[in-house]
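Undergrad: Let the sequences and hints guide you as you build the complete structure.
Okay, here's what each chain looks like letter by letter:
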Amino acid sequence: MLWKRQIPIMIVSGIGFATLLGWFIDQPTFKSFVDDDATQWFDILAAFAIFLGGLNLFKLQMQKILRKKKGWQYSLFAIGGLIFALLAGFVIKGNPEAAWGSHVTAKGTLFKWMFNYMVAPMQATMFALLAFYVASASYRAFRIRNFEATLLLSSGIIIMIGRVPLGSYISSWFILYLLVLIGGIVVNSFFKNKQYTAIFVGAGIILVSVAGNSMGWPLDEPGIFYLPYLQEWIYRYPNSAGSRSIMIGIGLGIFGTSIRYILGIERSYIGE
Amino acid sequence: MNDRDFMIGSGIFTLIFLGYWFFGAPYFIVERFVMFLAIIVFSGILIFNTRKAQRGEEIFLRTIPGLKAVEEAVGRSTEMGKPVLFVPGISDMDQVETVAGVIVLSHVSKMTARYETPLNVPVCRAIVMKAAREACKESYLVEGRPDMFHEDMVHYVTDEQFAYAAGVNGIMVREKPAACIYMGKFYAESLILAETGNSIGAIQIAGTASQSQIPFFVTACDYTLIGEEFFAASAYLSDKPELVGAVKGQDLIKVIILALTIGGVFMRILFDAGILDLNILNILTVR
Numbered sequence: 241m242l243w244k245r246q247i248p249i250m251i252v253s254g255i256g257f258a259t260l261l262g263w264f265i266d267q268p269t270f271k272s273f274v275d276d277d278a279t280q281w282f283d284i285l286a287a288f289a290i291f292l293g294g295l296n297l298f299k300l301q302m303q304k305i306l307r308k309k310k311g312w313q314y315s316l317f318a319i320g321g322l323i324f325a326l327l328a329g330f331v332i333k334g335n336p337e338a339a340w341g342s343h344v345t346a347k348g349t350l351f352k353w354m355f356n357y358m359v360a361p362m363q364a365t366m367f368a369l370l371a372f373y374v375a376s377a378s379y380r381a382f383r384i385r386n387f388e389a390t391l392l393l394s395s396g397i398i399i400m401i402g403r404v405p406l407g408s409y410i411s412s413w414f415i416l417y418l419l420v421l422i423g424g425i426v427v428n429s430f431f432k433n434k435q436y437t438a439i440f441v442g443a444g445i446i447l448v449s450v451a452g453n454s455m456g457w458p459l460d461e462p463g464i465f466y467l468p469y470l471q472e473w474i475y476r477y478p479n480s481a482g483s484r485s486i487m488i489g490i491g492l493g494i495f496g497t498s499i500r501y502i503l504g505i506e507r508s509y510i511g512e
Numbered sequence: 006m007n008d009r010d011f012m013i014g015s016g017i018f019t020l021i022f023l024g025y026w027f028f029g030a031p032y033f034i035v036e037r038f039v040m041f042l043a044i045i046v047f048s049g050i051l052i053f054n055t056r057k058a059q060r061g062e063e064i065f066l067r068t069i070p071g072l073k074a075v076e077e078a079v080g081r082s083t084e085m086g087k088p089v090l091f092v093p094g095i096s097d098m099d100q101v102e103t104v105a106g107v108i109v110l111s112h113v114s115k116m117t118a119r120y121e122t123p124l125n126v127p128v129c130r131a132i133v134m135k136a137a138r139e140a141c142k143e144s145y146l147v148e149g150r151p152d153m154f155h156e157d158m159v160h161y162v163t164d165e166q167f168a169y170a171a172g173v174n175g176i177m178v179r180e181k182p183a184a185c186i187y188m189g190k191f192y193a194e195s196l197i198l199a200e201t202g203n204s205i206g207a208i209q210i211a212g213t214a215s216q217s218q219i220p221f222f223v224t225a226c227d228y229t230l231i232g233e234e235f236f237a238a239s240a241y242l243s244d245k246p247e248l249v250g251a252v253k254g255q256d257l258i259k260v261i262i263l264a265l266t267i268g269g270v271f272m273r274i275l276f277d278a279g280i281l282d283l284n285i286l287n288i289l290t291v292r
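Line by line, the protein sequences are chains B and P. For my numbering, add 240 to where a residue sits in the first sequence, where the first one is 1. For my numbering, add 5 to where a residue sits in the second sequence, where the first one is 1.
Possibly wrong hints are sitting among the right ones.
Unchecked claim - One side only, chain B facing chain P, incomplete, derived with CB under 10 Å:
{"hint": "1", "residue": "Thr279"}
{"hint": "2", "residue": "Gly341"}
{"hint": "3", "residue": "Val344"}
{"hint": "4", "residue": "Met362"}
{"hint": "5", "residue": "Gln363"}
{"hint": "6", "residue": "Thr365"}
{"hint": "7", "residue": "Ala377"}
{"hint": "8", "residue": "Ser378"}
{"hint": "9", "residue": "Gly491"}
Stated by the list, open to error - Mimicking EDC-like on lysine to aspartate or glutamate, the simulated pairs with C-alpha atoms at most 20 Å apart in a straight line are:
{"hint": "10", "chain 1": "B", "residue 1": "Lys310", "chain 2": "P", "residue 2": "Asp157"}
{"hint": "11", "chain 1": "P", "residue 1": "Lys181", "chain 2": "P", "residue 2": "Glu121"}
{"hint": "12", "chain 1": "B", "residue 1": "Lys299", "chain 2": "P", "residue 2": "Asp164"}
Said to hold, decoys possible - Covered, in the sense of this in silico footprint (three residues per stretch, anywhere, with C-beta under 8 Å from a C-beta of chain P), are these stretches of chain B:
{"hint": "13", "stretch": "260 to 266"}
{"hint": "14", "stretch": "284 to 290"}
{"hint": "15", "stretch": "309 to 318"}
{"hint": "16", "stretch": "480 to 490"}
{"hint": "17", "stretch": "497 to 506"}
Because the hints were derived from the structure by calculation, they are not lab data. Cβ atoms here follow ideal geometry from the backbone N, Cα and C, with glycine treated the same way.
TA: Dropping the structure here:
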């Protein structure tokens, strides 16, 4: 029990307290422990743990091949890739002039070739897939289902158009005319009366035209209807307010979790 | 430790710190005192609420649909005879989100042990593999089903971000899990994973503190734990009074922060207007 319960809790609390105090104590030895040694310990542990990971990967893929499980052919590629990477990293340098260690970044080595012509293109392929996933996800998110989705759609359109060069060529008066027409749709669906709709749209068009004429039709005035200004406002205020509130919540959550760990209140990590 | 011992301990700590402060606080970074004080006060609030909950005081915890859905998702997998896929993010154990993800995993694995549902946990880091494995092992033991636990249910895929995403996508497409649970720290691979999960018709629950990935999860998943909901998951799922108390403490701290923000804005306005001589930003800014 002592080894499985008390000692792990003591280690977590001790290291947690030390790390927390490291932010407030300016003592060189203590600071170097918190800033350098402790993180290096973690790196060393992680370096050893990678053997466990590699072995686990090898074992599972071999099992798949030997037992001819569904999709075992893919495991051949996994094992082949693992062996090839090990050979390129530890056995075959490819370029005799490059020293061991620096051969992973030196030109003309097998490892560098593997990285440039196999790893990088495959990673780029996966990353490129993201564009298609963004499109399908955006389609779902922007479907008009309720008020929130409509709000999201409108702000999305304003941000997208306002951020591209085309957006700065769209006059705020055009947006105003557009708003009058949208207002007409709202009036029509609310009152279901053609006369009211015609009066609203007609009055709106006349008002906007008179105002535009008197102001000389400037492209970016009134600023509130000029898309580059509008998108900047949406981005800076409502967006920042929302994201900051989430940030405060996240910060508090991290703080709460850390304190629960340091004080030994949270012990799920040892199975309690 | 009872309340009396706790109060004595706190008093001794305060006295020691006052003594240390009185003697010039050697090595202490004085500019960070406000932050130090905030940590002490906030920790005090957390401990106070935890102890209150331990004493048996009932604490209301609002329903978090995403966490309520975890049991539903495991149940659905059981009914369909398909596995549950749990993805603990792509970061190492030095990230608090990964730690929180592993904690949720321990609760999920208790459910899978109870319902005898297969669990698949592909991980991106070897240390996470060890921690997740231990968490699952303990859960299966606690549920009295150690026979159902096998080490390979938590398996390592790769350290590379997109290679990991490709690997997990492959698992999804081949095994077609009925439930995909993403809890941890995610980057650009979040949408790739969530969209693939969506395409196979799995019920998806995500939780992350990676702010830029939250919209992707909200779009592609059925339930998303946003921000502190994710960190409250352990308290919610375990229903332990000490953890629930800590969540209540967090809410109180939020109220204090809100009051401080509003008060700070007013004080700053007064300072700018020349009515007040104290610039609150000088005090509250972390150095």
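Undergrad: For each hint given before, does the structure comply? Return the numbers of the non-compliant ones in rising order.
TA: Violated hints: 2 and 3; rest satisfied.
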